[in-house]
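Asks: Below are the chains, spelled out letter by letter.
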Amino acid sequence: MEILVCVKRVPDSAENEIEMNSEGNDIERDDLVYSVNEWDNYAVEEAIQIVDKVGGTVTVVTVGDEDCDEILRREMAMGAEKGLLLNDDAFAGSDCKGIATILKGAVQKGNYDLVLTGAQADEGAGAVGGMLAAMLDLPYASLVNKIELGEGKLTIGREIEGGNREMNEITLPCVLSIQTGINEPRYVGIRGIRKVSGVEIPELSAADMGIDAASVGEAGAGVKKVDYFVPEKGEGAEMLEGSTDEIIAKLIEILKANGGL
Amino acid sequence: MFQISKENLMIQKTAREFARKELAELAAHRDAHHEFPGSSLKKMGDMGLMGMLVSETYGGSEIGPVGYALALSEIAYGCASTAVVMSVHNSICCGSIQSFGTDAQKDEFLRPMAQGTCIGAFALTEPEAGSDPQSLSCSAVKEGEHYIINGTKRFITTGKHAGVIILIARTGNNEPGRGLSAFLITHDLPGFSVGRMEDKMGQCASDTTDLLFSDCRVPASRLLGHEGQGFEIAMSGLDDGRIGIAALSLGLGMAALDQSVSYAKQRRQFGKQIAEFQGLRWMLADMDMDVDAARLMVLNAAALKQAGKHCRAQASKAKCYASEMAQRVTGQAIQIHGGYGYIKEYPVERFYRDARITTIYEGTNQIQRIIIANELLKDKKKK
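In order, the protein sequence lines correspond to chains F and A. Per our numbering, the first sequence runs over residues 1 to 261. Per our numbering, the second sequence runs over residues 262 to 644.
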């Protein structure tokens, strides 16, 4: 099975304290440590496991500049056979539709049976997978937390609100967005790192994929961010501070005072 | 800036990810229960972290001292007990077998060691001999196709859990450098047993034991190198061993600094973050300088070693400085945490306990200073 997994380089929330920049229109990006988006890691692991069972190839793709090389190599060191960087100045500032348009170009350059994305990334919209499927006119399922292989189709489990779960059949080729917990992503090994450290990762530009530069990037973005802020604490909300024991003690006091205990 | 290759940066990052996701979570529990980190070491073997200096021919990842030092620091950031097992295993045990072992010994021991399925230990210290290996009394007497070993070894890291132990025992007289030999010991040998487990101040998840030999019969095929080569073997891994402990100490300093910065930004007194008080800012600045200086010394020693250059003094300086830095910085971390630094809810008291041994093992810092001075005076004479 030929599988394409769409991955994204995002600020690593475990490594950084995310703060607002001085202009108040974005997070402070100087000196941030970046990693691969956590959900994407589960998608790559799932793809590797599928290929281990039935054969085929896993390709990881991302939209970004040369800084994204590190996350592609990381996922290749994990076990993806190929990497693909979609890099063009025209891609900068793309909204979700723009990113989906770019990824569509990459999908059409290959011959993939299955396209995976993470359920969401750092911006939390979770929109790219669905848009990509619509643009490709492929069936789509979101928040997938189980995949069983079938002939020309997959049986997939989906997480439903309230902790429920449903099973669906979906025909191949298709697009799936993968939820965390579907597997336990393996750690990258040193042998894998050494294997991929000298591998050339091909790049595709807008022209290579026949994409109209005006349809992507800032120029093509129908959604523009106009503000970015930490909401003010609302009435009645109290943030408890201190050590875990102090917080627990305060919480018990509050619950007792309000008849909760 | 010290230039680190992209490959080594990836190795550092993957070790960091593992240490922070897995080791740091378990470190307090393992410390409290003296629980050996076997399951984590197995994963580290799968990742290639247990054969970092072993040739690819024997299944190692052969990444070299710089990548090794970077990875070991990250592992120590998560759990110093796990890091010391990794250090002894990689630096001394794998290195000795790789340099002095026969092909059969490499196949039997080095291959599984490089995969992390067999952990190595190194048994030199005795109740009456530590810094002075010439005074070792554990004896090995040849009898046909076997050596008969008698004596006690003390303070042996991973003594209980190791799959193979490199034993240094006396086979000859006290002639300097000639009377000692090295043997590969496994737990199934008759007459060998593990003695008491030490109840230590820190690094409690790593077992430190006595090893007891009572007419222990060791096949002659288990002699590592040739008879009388034990002192050379014991000394051969010292540079890597010191770089290893220096890297471990660096990781402890990094962890204590990060924890302190995080706490100073979170803790509020007199209506503001304690990080806003100048006295505390100066402490953090001193800690940061100290960690950075140690980092550069560790990387310098590792880079020299990787380049195949003489690095005896630089390895000792890195070990000496980084271990003393770890003591200073973990102590300052407790001070910054105030009362919370003294209790086990926060990890800094564990960092402090874990750091204390680093100026003692792998050659005390007094011995390191003698080596540094010897190298310094030797160089002066040449000039």
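Hints in this document: simulated from the structure, not taken from any laboratory. Take the hints with a grain of salt, since some may be wrong.
[Stated by the list, open to error] What follows is a set of in silico ranges between Cβ atoms, one per label pair, in the way DEER data are often shown:
{"#": "1", "chain 1": "A", "residue 1": "481", "chain 2": "F", "residue 2": "54", "range": "51 to 57 Å"}
{"#": "2", "chain 1": "F", "residue 1": "199", "chain 2": "A", "residue 2": "533", "range": "48 to 54 Å"}
{"#": "3", "chain 1": "A", "residue 1": "496", "chain 2": "F", "residue 2": "239", "range": "56 to 62 Å"}
{"#": "4", "chain 1": "A", "residue 1": "570", "chain 2": "F", "residue 2": "195", "range": "52 to 58 Å"}
{"#": "5", "chain 1": "A", "residue 1": "534", "chain 2": "F", "residue 2": "164", "range": "42 to 48 Å"}
{"#": "6", "chain 1": "F", "residue 1": "16", "chain 2": "A", "residue 2": "596", "range": "56 to 62 Å"}
{"#": "7", "chain 1": "A", "residue 1": "554", "chain 2": "F", "residue 2": "258", "range": "36 to 42 Å"}
{"#": "8", "chain 1": "F", "residue 1": "247", "chain 2": "A", "residue 2": "532", "range": "36 to 42 Å"}
{"#": "9", "chain 1": "A", "residue 1": "300", "chain 2": "F", "residue 2": "56", "range": "27 to 33 Å"}
{"#": "10", "chain 1": "A", "residue 1": "635", "chain 2": "F", "residue 2": "57", "range": "53 to 59 Å"}
All figures in this text were calculated on a predicted structure; none of them were measured in a lab. Just so it is clear, CB atoms sit at the ideal spot from N, CA and C, and this is done for glycine as well.
Asks: Tell me, in ascending order, the numbers of any earlier hints that this structure violates.
Replies: Violated hints (numbers, rising): 4, 6, 7 and 8; every other hint is consistent with the structure.
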